[in-house]
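> With the hints as constraints, model all of the structure from the sequences given.
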Amino acid sequence: MVHVYNCHPFSSQQIVQVEQEPGLICCGGGALFVVATGGCKVEAYNLEKEGCPLICRFATMGTVKSIQHSRMGDYLVTIEGKNCATYLRAYTNWRYQAEGKARVGVRLLGHLLRGASVRGGAQMEIIEIPLSERPVAVACCPVTGDLLVGCENTLVLFTLRRQNQQSQNQSQQMVQSTWTNSQQSSSQSQGIRRLYVVMTCCLLLTRIPKGYLSSLFSGQIMDSNPNFLDFERSVILHLSQMKPKQVALCGEYVAVQGELEVLVVKLETSSDPKTLEESDTKKNHLEDHVDFQILPIHQELLGDRAKDCDIAVSIEKTGLEDSKGQYTLSYVLFRRFTPDFFQGCSVEETQLHSLQLYPLFTGNQSMSLQEPSCVFCFFSLPSAGYLYSLKGGVELLSAYQYPEKVLKAVLTDYLLHVITKSALQCFTVRCAAVAARIEDPYIDSTMKACPPCSMEVCALRIQLFIGLRSVCVYGHHVVLLSAADAETTEEPERTTQRRGLELKEHTLLTGILLAVGIDPATTPALESLLSRPFLSRKWTISSPKETSTAGHGWNLYVVDTVSPLTLYQEMVEYSQRYAETNPQAQSLRHLLSEAHLLLRTSLLQTSEQQRIIEEDSSPSLQADTEGPSVKQAAVRTDSTELEEAFKQNCAQLGDCFSRGSQRECHLALPYYRMSGLSVTELMARNRPLAGRPQSYGPGFLFYLKHYLFEETEQVLSQEAADEVIDIFSQSEPSQLVSVCASPSLINTSPAKTLQILQHLENTAGVSVPLTTTMATMMLRLEDLPEYTRLMERHAEMVLVYGFIEEPRLLLHGGDGGQHAHVRPTALTRQLAKSQPGLLVAAVVALHENNKVQLQHADHIFKELDCENCLQVDFWEAMLMASSQETIIQELLFRVASVYIDRLTNTPSETHTNGPHAPSKRRPLKSADDLINSCSHYGALYPWLIVLNPAHTTSSQHQEALYKLQSLLCGPSLSVGSVMPLMERLSDETLWGFSLHLLCATRRGQYDSSIEKLLDRCPQAIIAYANHHLQDSHMVLWWQKLLPELCNRTRVAADNSILLAALKETLVVVAMETSPTEFLELMPEDGTASYFLPYLLTCSQRHLLA
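Residue numbers (numbering that gives the first Met the number 0): 0 to 1104.
The hints are simulated quantities; they were obtained by calculation from the structure and are not laboratory data. Just so we're clear, the structure is a prediction, and the values are computed from it rather than from any experiment. Treat the hints with care, since some could be wrong.
As a list, the in silico DSSO-like pairs of lysine-lysine whose alpha-carbon atoms are at most 27 Å apart [as the list claims (entries may be wrong)]:
(1) K407 - K242
(2) K81 - K40
(3) K1011 - K1062
(4) K1011 - K1039
(5) K244 - K420
(6) K242 - K306
(7) K751 - K704
(8) K242 - K316
(9) K316 - K81
(10) K404 - K420
(11) K407 - K64
(12) K420 - K407
(13) K265 - K407
(14) K306 - K265
(15) K64 - K81
(16) K242 - K265
(17) K1062 - K1039
(18) K646 - K704
(19) K244 - K306
(20) K242 - K64
(21) K316 - K244
So the derived label-pair ranges between C-beta atoms look like this [unchecked claim]:
(22) Q713 - A880: 31 to 39 Å
(23) S973 - Y441: 23 to 31 Å
(24) S976 - S1073: 42 to 50 Å
(25) Y441 - E862: 51 to 59 Å
Where is the CB? At the ideal position from N, CA and C, for every residue including glycine.
This is how it looks when you write it as structure tokens:
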């Protein structure tokens, strides 16, 4: 379906003053090239100036059948006919013909002449490109300037070469050596001199510019240009079962069009050699079955499926593969059409035309990048046109259904221009939608949006003309050629007379050359010279004559299109008609989407213009910086206006989707975000009008919920915040709790909001989030009794579940990952004072349910400034709840460091205000609570009771000691991680000694621990040994503890503590060893009567066993 809008994309038109009826036209490089019907002359007109003045006029070497201009290299390529033969020629430096005295050089492809052509002089060059087959179609690559020639069964690709001065000198030496060798023959040298004399005589008869002859024989130059153009044949493609009618080239993509089919392939260079046997086999296989194919069926093969078509393409080696690499070919697109004879369509009415490969660059490409981001393929039938996207997956973007038979179509960035016999029509394109998604693959999200590539196209204007024949486009200029159907009888007569004169001229000059002994057929330059009509044509440039509309039946129009910004403004005015009658009309949305794509295309072109100007304004390339600076200012101004229009269009599209259906209402969010408008401005745009139902569209509510539910730093005023509360109270009351918790509505009126919440409670019932929200409003009203009453409605555990449902009741921010973005709410500060246990439990629950990160929770407790105690309580609670090993180890280290700080710092020291200073408030969990409820805290070893002081320190100090000892007695704390911190604790006190002894024991240092314990506190040795010297460490009873006690008792015989420990040790040794082993353990100087009871016990136990 094609929508039709009566917009005006054309601003003005003018008639180009040409002398003869144009036969062929083409545009490029700011110029319009006109070839007269049946003539051998090209006229170039300036499209950039008013009136399109003539730039230059030059003759061709044959009758031009096809002409193309290349933007890269600024050259013309023609297919010309002469004497029943067809030639392919390229015309370079054609602008020098505007001087009127410029020379013309003629040479073969890859061969250089002497003089100006070698040294890059200021002259036009005609390059003869030899081909083994007759050329049928030609195309120039808009990206690289390469040349693609379509012959009857082959495609030949020529690479554009820019020769520099050094390569020119080398080529000149080669040419000079060849010329010197040829002069060794005296007879040939005399013939050449005679040739020059004869041609000089012919000059008087034919009025040939003298510069044309001298360019063939002399070496004078007019200018010094360091570069000149040449071509190099790079690859030949052989086609089977397809005769090219049109060809197109863009980068690596090659397109060929037959009568009923279009094939697009991709040529890539690869260093890996590949054979072509598979393609040849496919070709032979298809040729075997060609007799069975009566009528081709309709086919559309995209991507890899295109290789299944019945057209085989093979690559012929040219000998350049060693330097450039092997060419590899892949199929991209194949489309075949079948005439619908049942509908009265003939083959002629189904023939394809207007094949085009169109590149598009995006704004994020670097200046040196040559490969376009997007490549589009367009071709057309007389009744329909088809636009495909080739890069990033082949896809049919648009199918254009024409209202009448179309003769030719041209694709541009903005529009598709087509001509019928009596009208110029203009359609929209989807190139910008593809480019936007390639430039930003995540454009279809909640942040950005773009109309879909599959959106239906529309026709903007039908401009009537009479007898249109051809169309071409350059920039904002559309060139049209019109001619009446009836042809006068005088024109064929003039054509016949001119051809007769040309034949007489050719016969006369050929006879003169043969008379002096020179055969023109042996010299290409002479042959091309004789192919020109000299005697019947003047070479002097005459001013264009006034053309009378009554004197001929043809005209050449230049129609200028309006600027994209002007067309956008007209589309906006046009859309107001739909907005006034039906704001939810599909046509309104479609027209604004078309305007959106129009602006996107303009922004892409503006960024490309900025890159080009920056390259041109480089100090090494541009001496005058005043011109580029003016251009840059103009481009920046246009870019600013386009960006403002783009934001305005996004707001308009957001308005459409905000009132649209539920299926597309989500698109209001990204378009409103791209508009840059504030939420207050958007609320004003969406207020219900007077006389209409007081309701807001689903798209606007979707946007408003995303705005409020996502963390944002923009705080609304009280008036705007109250309006938001009113909107949701009317539209979605169930979302009021989440809306009230938004940080953007912190300025809302608490009294008014409380009334609305109470009404919601009366209608919907009591809920925990609703109760806490009402308590928050009471807190803002400073009504603490009512706040307390509301909070006491539910148990603390139930309130925790309510906070999990709506975390923003406790904290705001946290999405950015920075501490500064997280802040506690007023309710959080009140809970820290009145119900710290509820606050800690709620934050732990939020963390375990992935509602808040650990660093954000830490920052919240630091913001509360509760003398560090709440933060430590949170860490201890996290140790009880968390199951993540990395978090557990981090928290164990944190609490251990806090306990050590509390043991080392006393209230009288200067560190009381430090980050880990002891607090006057009692912790939420005591050491016994942690031991009973947390597996990471272990029960204190029995021997620690002996070492711990009994109420000799403060309660805080003792609590920290017990918790640290419990951690060291537990299974989780890594002792190695806290050893550097333990160095701050002195072992002079018993409690300090106990901590160091715990660390040594946890590290397996039992021998040294036994010695230290016997030195400092021998009364605890038996308790220590009973707890630690078990299982594999049992041998330490008699290998370490027994010898140590014997030695120490011998020295201090009256030490009752050591004697008691020795007796307990002997009892254990007697129970664990044999009598023989026990005898070996007895000291040699020991008293036998002392050890005999234990030996007797050992023997009796052994006999019973």
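> Would you list, in rising numerical order, the hints stated earlier that this structure does not obey?
9, 23 and 25
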